[in-house]
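J.: Both chains come to you apart, so use the hints to assemble them.
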Amino acid sequence: GESVGLHLPTLSVQEGDNSIINCAYSNSASDYFIWYKQESGKGPQFIIDIRSNMDKRQGQRVTVLLNKTVKHLSLQIAATQPGDSAVYFCAENMEGNNRLAFGKGNQVVVIP
Amino acid sequence: NAGVTQTPKFQVLKTGQSMTLQCAQDMNHEYMSWYRQDPGMGLRLIHYSVGAGITDQGEVPNGYNVSRSTTEDFPLRLLSAAPSQTSVYFCASSDDRGAFFGQGTRLTVV
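Sequence lines, in order, name chains A and B. Heads up: the first sequence begins at 1 in our numbering, then just goes up one per residue. Heads up: the second sequence begins at 1001 in our numbering, then just goes up one per residue.
Same shape as in the complex, but just chain B (with noise of 0.2 Å):
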């Protein structure tokens, strides 16, 4: 039992250029989310999930795309990156008992 798995661990990206973050459960969750976290600031969440096939938008969604085609996975999509999404990249996987995280995905975008 694995928990949450998120890749890769670090990435560089230019300004411009997209990726995708990926984040795997196996404990059959439901609700799956993203969060980014920056100094001082806490976790925002960018986009959550209830179900598969099911996304929306959490408190900072601009710049990031989300969809969530099986229960297992829900990759988080940068399309442009811009330096303002430098950050680290947390996944979460939940159930009644609360969140559950992967080791975060560094990114700098320079």
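With the rest of the complex left out, here is chain A (with noise of 0.2 Å):
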């Protein structure tokens, strides 16, 4: 079957270096904010989160990045590993309900 990540911007980064994907977000008044990564098969699964009130929040080889300005989101994924091979959402929580509006994804693959 087609893959989901068939037709959306992809990073190829060689294993070991750093990789950065980008999202830009709609919604000004959006107050919390979210990265998924699916695999392939696989439901999408979160991955950090962070809230309007910061612009910096880390986790075990992960930062997200969020620029209010410019309504734009990153993530990066420090020591790329193959096993970070997936597609990457950001998503926004747009009302403040728990309803999230999500990007189309960016996919990424690691070159061993």
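Simulated from the structure, these hints should not be mistaken for laboratory data. Because the structure is a prediction, the values reported are computed rather than measured. For each residue, glycine too, the CB sits at the ideal point set by N, CA and C. Be a bit skeptical, because a hint or two may be false.
Claimed, not checked - Not close to chain A: a few residues of chain B, all C-beta gaps over 12 Å, as computed: (1) 1008; (2) 1024; (3) 1069; (4) 1078; (5) 1084.
As the list claims (entries may be wrong) - The list that follows gives simulated cross-link-like pairs (lysine-lysine, DSSO-like), each with its CA atoms no further than 27 Å apart: (6) A/68 <-> A/56; (7) A/104 <-> B/1009; (8) A/104 <-> A/56; (9) A/42 <-> A/104; (10) A/42 <-> B/1014; (11) A/104 <-> A/71; (12) A/68 <-> A/42; (13) A/56 <-> A/71; (14) A/42 <-> B/1009.
T.: Shown next, in the form of structure tokens:
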């Protein structure tokens, strides 16, 4: 069957290098943002979140940056590994009621 | 704690057939939702529910019905399947930290 990653922006990165995935969001009133990772044949999984009162949040090997001025969100993955190959989605909470709006996704391909 | 469980994982339907995609969660979340995912389209919201007895339409509701008789279950019904409904369907259950997704149902309508 056709992969969900077809026709998506694709980032090819060498194993061990850092990856940066970008996302533009639509609603300046959104106050909560999440990055999800979706591996082939699986459902999206939560990676990291950030609230609008912050501009940076770090997790294990991942960092999310939020620029509210230009409505931009980025996900940085340090020392990218083959297991990081997936489609990455950003999501914004637009109404404060758990309803999320998702971006179209970015495919990351890690080259061993 | 199983999280979100979707059944079936795969289904082939003929045009005009009806079926129900099942979704159950054991996290006691009030908010549940159904998405469809098509190549290059991301996740599009079909229907959602903010609690038992309450449902509402999302971005692409046509051809689908939902009900929420219990907090745990949120089935999605296709009343008369069409080839345009060939897709991967995800159920999600949410709290204020975001959505927890099931493993998906790959549906093909021929």
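J.: It remains to establish, for every hint, whether it holds in the given structure.
T.: Each hint tested on the structure:
1. 1008: At roughly 15 Å from the nearest Cβ of chain A, residue 1008 of chain B sits farther out than 12 Å, so the non-interface label holds.
2. 1024: Holds: least Cβ distance 14 Å, greater than 12 Å.
3. 1069: 20 Å, holds
4. 1078: 19 Å, holds
5. 1084: Residue 1084 of chain B clear of chain A: closest Cβ-Cβ about 15 Å, beyond 12 Å.
6. A/68 <-> A/56: Satisfied, since the Cα-Cα distance of roughly 11 Å is no more than 27 Å.
7. A/104 <-> B/1009: 23 Å, holds
8. A/104 <-> A/56: 22 Å, holds
9. A/42 <-> A/104: Since the Cα atoms of residue 42 of chain A and residue 104 of chain A sit roughly 16 Å apart, the hinted pair holds (cutoff 27 Å).
10. A/42 <-> B/1014: OK: residue 42 of chain A and residue 1014 of chain B at ~25 Å, within 27 Å.
11. A/104 <-> A/71: Since the Cα atoms of residue 104 of chain A and residue 71 of chain A sit roughly 16 Å apart, the hinted pair holds (cutoff 27 Å).
12. A/68 <-> A/42: Not OK: residue 68 of chain A and residue 42 of chain A at ~31 Å, beyond 27 Å, violated.
13. A/56 <-> A/71: 14 Å, holds
14. A/42 <-> B/1009: OK: residue 42 of chain A and residue 1009 of chain B at ~11 Å, within 27 Å.
The structure fails hint 12 only (numbered hints given earlier).
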